[in-house]
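Visitor: Respectively, the protein sequence lines represent chains C and S. Numbered by numbering that gives the first Met the number 0, the letters in the first sequence go through residues 0 to 128 in order. Numbered by numbering that gives the first Met the number 0, the letters in the second sequence go through residues 0 to 261 in order.
Mixed in with the good hints, there may be bad ones.
Unchecked claim - Have a look at the derived ranges for each label pair, beta carbon to beta carbon:
{"hint": "1", "chain 1": "S", "residue 1": "Thr169", "chain 2": "C", "residue 2": "Pro76", "range": "19 to 29 Å"}
{"hint": "2", "chain 1": "C", "residue 1": "Asn46", "chain 2": "S", "residue 2": "Asp107", "range": "39 to 49 Å"}
{"hint": "3", "chain 1": "S", "residue 1": "Asp50", "chain 2": "C", "residue 2": "Tyr34", "range": "23 to 33 Å"}
{"hint": "4", "chain 1": "S", "residue 1": "Ala202", "chain 2": "C", "residue 2": "Leu57", "range": "17 to 27 Å"}
{"hint": "5", "chain 1": "S", "residue 1": "Lys1", "chain 2": "C", "residue 2": "Ser4", "range": "48 to 58 Å"}
{"hint": "6", "chain 1": "S", "residue 1": "Lys218", "chain 2": "C", "residue 2": "Glu104", "range": "36 to 46 Å"}
Hints are computed from structural coordinates only; laboratory data are not their basis. Small disclaimer: the values here were computed from a predicted structure and weren't measured. All C-beta atoms in this analysis are idealised placements derived from N, C-alpha and C, irrespective of residue type, glycine included.
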Amino acid sequence: MSHNSNLQDDIIRMSGVNPRKCMRCGKCSATCPAYDEMEYHPHQFVNMVENGDIEPLLKSESLYRCLSCFACIERCPRSVEPAKLVEAVRLAVIRQQGANRMKPEDVAAIADDETPQQLLVSAFRKYSK
Amino acid sequence: MKVSYFPGCTLKNKAKDLDAYAYKSAEALGVTLEEIENWQCCGGVFTTSKDEIATKLSSVRALKAANDKGQPLVSVCSACHNVIKQTNYAMQTDKDFAFKVNNYLKEDGPYNGETEVLHFLELLRDKIGFDTVKEKVVNSLKGKKIAAYYGCLLLRPGKVMRMDDPENPTIMEDLIKALGAEPVVFANRNECCGGYVSMESPALAAKKSNAVVENAKAKGADMIITACPLCRYNLVKNGADIPVVYFTELLAEALGVKEDNK
Ligand code: SF4
Ligand code: SF4
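Just chain C, with the same shape it has in the complex:
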């Protein structure tokens, strides 16, 4: 297991999350609507950030499956707020040069006449910098 303590500190500061509050009940993952499509689930994000095991998260598709629905934030009995860790790791990736997940030229293929602006601006905020 790789241990990246610089990145671990960054993620913890950006998110404001204290992963050590987690009691491993798994409720965040049980309530996560994207669970089936995630390689690493919300409780694993918490655990892996606590252990400094960040590299696998950086490469994981799970970053782009989180819906920012705030369900895990609402329902965690320890107020750990796992989605804030998912967001911080995702930002650590897409803030790097050339790491944008979605590019303007990708949109035409996906959008239709009814696509609300809200969908486009939200997707760009989540997938690009």
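Position chain S with the ligands against the provided structure of chain C, taking the given hints into account.
Guide: Quick look at chain S with the ligands alone, frame taken from chain C:
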């Protein structure tokens, strides 16, 4: 009563109905929505990361503009409201963030989250009152069975949004009752429709949206109402076979001001 109003990008484009019916209904209830001058898009989603400043500035500008007029800031779109309320909460509770924002904006006087942020539903419940709404109904929606779909953004995070109980809300059901119809409560009413993931993974969005519609239908709903253009888009695109309409349209219909829009 006059309030500041933040319409947002979608309400000026794909969700014009949500906007126009909000104006009409508010007027019928004695409230004028005064659009913030030169408002900028809220960005659609609140970035929870504490070191993100730029993406939150448009919300702070809108909040400050309302504060300068001494008015609450009202929005109708669930997403705008979520971003603005979360930004305001950050301005109130995160001193470091507020310091950076105020230093950057260099507005006349600092802003520290003083503005009252209201969703249009809160305006109806807390400022106008559902009893008053009920008195102004001219076309009762009696006989309709309507499912209120909250989604994620209206209610969560509960400690920030403070609109209603995030797990057992009543605000939209109370509105439905005031309009004379029968609310249909269903389990998926505060679960996600898939949101923006319909760009990345349409199959995931379809699964989530279908679960919402099927659950509402199984409980006997013949219509779904929402405050979110993205919820509506996902539900309709993925084949909802009962009408999915904005709550403002329903309100305008009951208040007898719907026709005026055409
Ligand atoms: S915010 Fe993301 S990680 Fe949390 S429950 Fe929703 S989809 Fe899952
Ligand atoms: S719900 Fe909270 S306490 Fe339980 S596993 Fe998830 S983060 Fe840990």
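Visitor: Now tell me, hint by hint, if it's right for this structure.
Guide: Verification of the hints:
no.: 1; hint: Thr169(S) <-> Pro76(C): 19 to 29 Å; result: 24 Å, holds
no.: 2; hint: Asn46(C) <-> Asp107(S): 39 to 49 Å; result: 48 Å, holds
no.: 3; hint: Asp50(S) <-> Tyr34(C): 23 to 33 Å; result: 28 Å, holds
no.: 4; hint: Ala202(S) <-> Leu57(C): 17 to 27 Å; result: 25 Å, holds
no.: 5; hint: Lys1(S) <-> Ser4(C): 48 to 58 Å; result: 54 Å, holds
no.: 6; hint: Lys218(S) <-> Glu104(C): 36 to 46 Å; result: 43 Å, holds
Hint violations for this structure: none, all hints satisfied.
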